[in-house]
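*Asks:* Here's the letter readout for the chains.
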Amino acid sequence: MKKVLAMFLAAAMVLSLAACASQPAATTAAATEAATTAAATAAATTAAATEAAATTAAATEAPAAEKEPVTIETYIIATEWGDAFDDMMAAFQAEYPWISFENTNRGGGNSGEYLTAAIASNTLPDLIPVDNDELHRTMVNDGLLEDFNKFACAQQIPQSYKDAMTYNGILMGETYGAAFSCMFYNMAILKEAGWEKAPENWQELIACLKDISEKTDCKQPFTVAAGKTTTSWMLFELLIANACGEQLGAGVYEDAFKNGTFEFNAYPEIVEKFNELQPYFLTGTSAANEDDVTTIMTDGQAAVCLAGNWNGNAILDGITEFAGDPSLAVAALPCFNDEGETRWISATAETAMGVTADSNRSAAEEEAIDLFVNFFWNHYAIIQNVAGNVPVIPMTDAVLKEQMTPLVAEMGASPFVTMGFNLWTSEFKDAANRDIQDCIAGLKSMQDAVDAMTELVKTSYKNKQ
Amino acid sequence: MKQNKSIHRSQRERQRFTTGLLFILPSALLVAVFVLIPCFNVVYLSFTDWNGVATSPKTFVGLKNYVKLASDVSDFGTMMIATLVFALGLTVLTIIISFAVALVLDKKGKGRLPRGFLRSSWFFPTLLSGTVVGVLWRIMYNYNNGMINKVIEQCGGEKINWLETVGLTNFAIIAAATWARLGICVVIFMAGLQGISADLYEAAAIDGATERQQRKFITIPLMAPSITINLLTTSIAAYKSYELPYLISQGRPGTTTLLLSQRITFYAFQTMEYGRSSALAVVLIAIITIISLLQLAVMRKKEDIT
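For the record, the sequence lines run as chains A and B. Residue 350 in the working numbering sits at position 350 of the first sequence, with consecutive numbering throughout. Residue 1077 in the working numbering sits at position 77 of the second sequence, with consecutive numbering throughout.
Derived from the structure by calculation, the hints contain no laboratory data. Ideal placement from N, C-alpha and C gives every residue a C-beta, glycine not left out. Hints are supplied without guarantee of correctness; some may be wrong.
With the Cβ distance kept under 8 Å, some of the chain A side facing chain B (calculated, not the full set) [to be verified]:
hint: 1; residue: E134
hint: 2; residue: T138
hint: 3; residue: D142
hint: 4; residue: L144
hint: 5; residue: N259
hint: 6; residue: T283
hint: 7; residue: S286
hint: 8; residue: I296
hint: 9; residue: E427
hint: 10; residue: R434
hint: 11; residue: L443
hint: 12; residue: S445
hint: 13; residue: Q447
hint: 14; residue: D448
Please build the complete structure, drawing on both the sequences and the hints.
*Replies:* Dropping the structure here:
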């Protein structure tokens, strides 16, 4: 009996191991079925897609049967829009059946850690997510990324996005989203404080926060997910943009920064404005992450928050839950500008799809990559701003909330500085953000932080050169 | 005849030795491939300027990475203090609490404690990954919506700003790590306690020793080996801790809770300075080795005395 049991257990173990073995994601019948559905959906998507798709379709006029089968290895982090990605893959394969995919990862996780390990072991897949950050700039320097300009589909990328994703003359990839900062207001609380509409400039914002803290139970009405590098820097960046944007102009600030010549302490408004805002930060803000901020807004613990567009839907839902009426959940572009002055915002091209360098890649594989990225761009970069240069994929829903949609157009028309969280060196980013977080928590003065950053930007960039 | 016997014996010993070698070979190979070679590789990398790209050259730069660490005294000093505070706090708290818990859970036949259930409860956190524990405690420490502050408020107290107060955040990460570490130490202590013969307590009781005296003169001295094991493994685990403290505080406020292990990852994965990262890893290995040897020497002395 024991022997039989042991044999049975051993067989079960072997079977379970076999079940764990990887399987090409797109070869199953389920995928084919999904492909049919998704193809139907894809067919109904924007007319804008047609033109670019037609260009590449010309390259694929040969019947599918004559095509040599091609497999593309991808590493895609698609935690929150994984379903959309699955649909898109299936739709693509329905149209181009000779191209299949091998996904290294489809879950969440830290792409930086995966990529550094893959770089160290020389096992990079064909398609990877790229940002214009230190890791990917190192990849460019070491010749690990293809210049995306060599692919036909690069022609459709707007120049502003090409600029954002170009380093040392190399276009790192085709971007598939945009990030910009937004303000969210709980109008139920604002109305209680006597404000019928959201503030439109810095002076109004401070007056509004003062009224809320004096006239309502919300004594510390302002919050931001400062526990996260991106959003903590976003706050500081808006102060910088509105202090020196007009004087320096877009691009100049970024260049000065990258050259290690930007003088933070040449703009006293940065410190003055931060000091005006500091008393209104909700305690715990410096350690709050994006989920915390959503909860805070849902509970009405703060009335105003600064967050990225990617959090917009969740925060607006939270405010609506608190206020009981969606019209009381308001989104607007950040008003860190002085009264009568131009409003500057911060925005940037988000993650792009990049192609790793591989001297053995065949022409058929290159064509397949081109087709895929083109397909992706035309079907899933779903919202564009008025200038047509900032496509946005909302991270949590298929479409942006009603309150967010007008912001895309406004964002496109506003002068902006490029969000710095990807551009600066990791050393600077880490130290500067710790300083900002300490300032928010009241543990450090902004003047000290600005002085430290002025020094650090020089040494940090010098060290890198 | 004698010579023949000794030849046979030496042949048998050689055979035994060879068989022994063959038995340990698989483990030895695994240790060599997954521990020793990477360790030597780290030491080698610490003398290079490698940026982590497989195709990039690993240029020898001598002691440059170590000099860089030493020249950044304030940063390195803060990290060292944070690491030592964390390691010391975690080790001391864990040993004291787990020993006390083991004593309570080991009592046989006294009281009506559901010991089986309690033993499982204490061990349960050990089964969770550091990431889960880190996220869990970060949520509980949240100033505005965390469970701990909610309970304090319900009891009429003032909310505590766990994650934005210098000093308190150090305690917060130590407390969370202690919670996660207790189970395994309790198990080791309980194994030690069960190894102490009941005769010793009976004899002591007949001689008129009180329960307190029995603890002091029998339990604690005979538990010295278990204390040594727990002390060593807990302090090593503390120096190596990464994900749990990082997920709770990310090294904040400022860099007051930033541990050496977190900086090693930062240099490797963020700034792409594998040489610098490896140099810091070598320093950490050296610290762990020195402290472990010191602990061993002290505890061995105590064990010898008993």
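*Asks:* Looking at the structure, which of the earlier hints fail to hold?
*Replies:* 5, 12, 13 and 14
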